[in-house]
Amino acid sequence: MHINLVDFDQVLFYTREALTKAYQEAFRIHGFVISEQQLIEIEGQSIVQLFDNLNIHDEHLRSEIRRFKKENYKTYFKYIIPNIDLLSLPNKVIVSNASSEDIADILTYYNITDVMGIIGRDKVKKLKPHPDPYLQAMNSFPATSYTIYEDSDTGLAAAKAAMQSVEYKHKINIVKVDLQITEFKGGSGQLIRKLNNKIDKITTTNSALLTLKRNKVPVPEIYFSNDEKIIMEYVEGDLLYNQYTNEKHFKKLMELQGNIRKIHYINGCSTTTYIERLKDHSKYFSADPELTYIFNYCCKSLLEHQELFNNERSFCHGDFTLSNIIVKDDKLVVIDPNINDNAMSSWLLDISKLLQSTRGYEYIFGISKNENRPELIKLRKSIMTSLSPELIPLVETLELSHWLRMLRYKKEIGHNDFIKARDITIEILKELESETWQTQLLY
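Take the sequence shown: its position 395, counting from 1, is numbered 394 in numbering that gives the first Met the number 0, and each next residue is one higher.
Hint data in this document are derived by calculation from the structure and do not stem from the laboratory.
Do not take every clue at face value.
Quick list of simulated restraints, FRET-style, between CB atoms [stated by the list, open to error]:
1. N196 <-> R66: 18 to 28 Å
2. T271 <-> K410: 20 to 30 Å
3. R27 <-> E58: 15 to 25 Å
Predicted, not measured: the structure shown is a model, and the values here were computed from it.
Beta carbons are placed, not taken as given, at the ideal position from N, Cα and C, and that holds for glycine.
Between the sequences and the hints, there should be enough to build the whole structure, so can you do that?
Given below as structure tokens:
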């Protein structure tokens with residue numbers, strides 16, 4: 000029998016961010032400021048090392064810091080990233096300097112039930128770099144061969160010492176793990192991390208992706224989901240934004256939108272609530288008379304079309320843009336829906352969001368500028384002409400509302416992005432007031 004002996008922190012799970020937040024808060028309330036680097040320097044060791052580094056020798060104070068961290072650690076579990084690839088290994092035993100209870104709690108949070116055993120710091124007399132944790136694991140879980148997965152110098156030293164101790168009794172292989180995390184922000188500011196072609200996204204709008212999956216809409220493979228986060232496949236492919244000139248893709252796009260629209264829907268908020276939320280956004284720009292006018296114009300127009308808007312309720316993606324659809328093997332895969340039970344949901348919001356992504360979007364979200372602008376105009380016209388005439392003014396107004404709702408976020412993250420979005424918003428108003436969308440489509 001072969002058994003895999005796996006370290007926990009930064010090997011089976013990427014816990015650095017959660018541990019940093021938990022320990023920083025625990026030290027902070029006791030009057031100490033610690034950096035992430037200070038915690039990285041003691042990875043694989045005991046927190047006692049950091050106490051010594053900070054000259055914290057009072058045992059009561061040490062105990063209080065530990066207690067606070069332990070009691071609050073669970074609130075940061077959403078920042079932990081499971082190493083899906085290693086978790087798929089059979090015959091796993093966790094060998095770690097972390098506490099067995101913390102490890103068990105994290106396994107429970109992520110619904111991991113196939114671990115053979117846990118050798119935590121509370122189960123051994125001496126911690127790594129002493130070989131005792133690995134020797135105890137081998138004694139408790141006998142096998143003909145082992146593979147040890149470690150990341151830190153401390154853990155690797157323990158693994159090598161254990162291998163020397165057992166001499167030729169067991170065949171032992173040691174694998175050094177180096178987790179590479181890529182971090183970026185989603186369009187609405189969500190924290191997104193990538194590990195081994197898996198996407199870990201902290202968001203509360205996971206139900207939409209699960210609904211799409213249940214209804215056979217092509218979405219990434221989902222590995223884990225709860226009310227705080229989702230872990231899914233990183234889809235290798237090209238953005239539809241880069242392939243919109245392909246006529247067959249346009250047909251697939253409209254079929255895809257139609258299939259999403261057909262999904263059974265339970266009403267969320269009313270159109271009145273949608274308008275009120277738009278008014279809330281306008282409060283952040285009360286000192287800007289031009290934007291105030293545009294917000295008022297948009298709200299007035301939505302009120303005029305309120306009955307029509309209500310009649311067109313349906314399930315929707317919530318962020319149905321050309322950059323949220325991946326072309327993979329000539330098929331369209333939907334990513335990053337952004338809708339919840341408390342949001343207004345209508346297929347017209349998806350259509351208007353799609354229109355938004357045909358103009359100026361590359362400036363706002365860093366998508367490469369495409370030189371073939373007439374093709375985007377053609378795409379926009381194709382979308383518009385697919386609508387019944389009475390829907391076009393409402394869809395145009397909804398597109399304007401998307402730009403207005405974006406402004407607050409753009410103002411928070413950077414002046415230049417905000418100015419670009421503001422300029423486009425003003426141009427859209429001019430287009431609407433002059434009723435010349437046919438000739439003034441892109442800027």
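Status of each hint after checking the structure:
1. N196 <-> R66: 18 to 28 Å: 39 Å, violated
2. T271 <-> K410: 20 to 30 Å: 26 Å, holds
3. R27 <-> E58: 15 to 25 Å: 20 Å, holds
Of the numbered hints given earlier, the model fails hint 1 alone.
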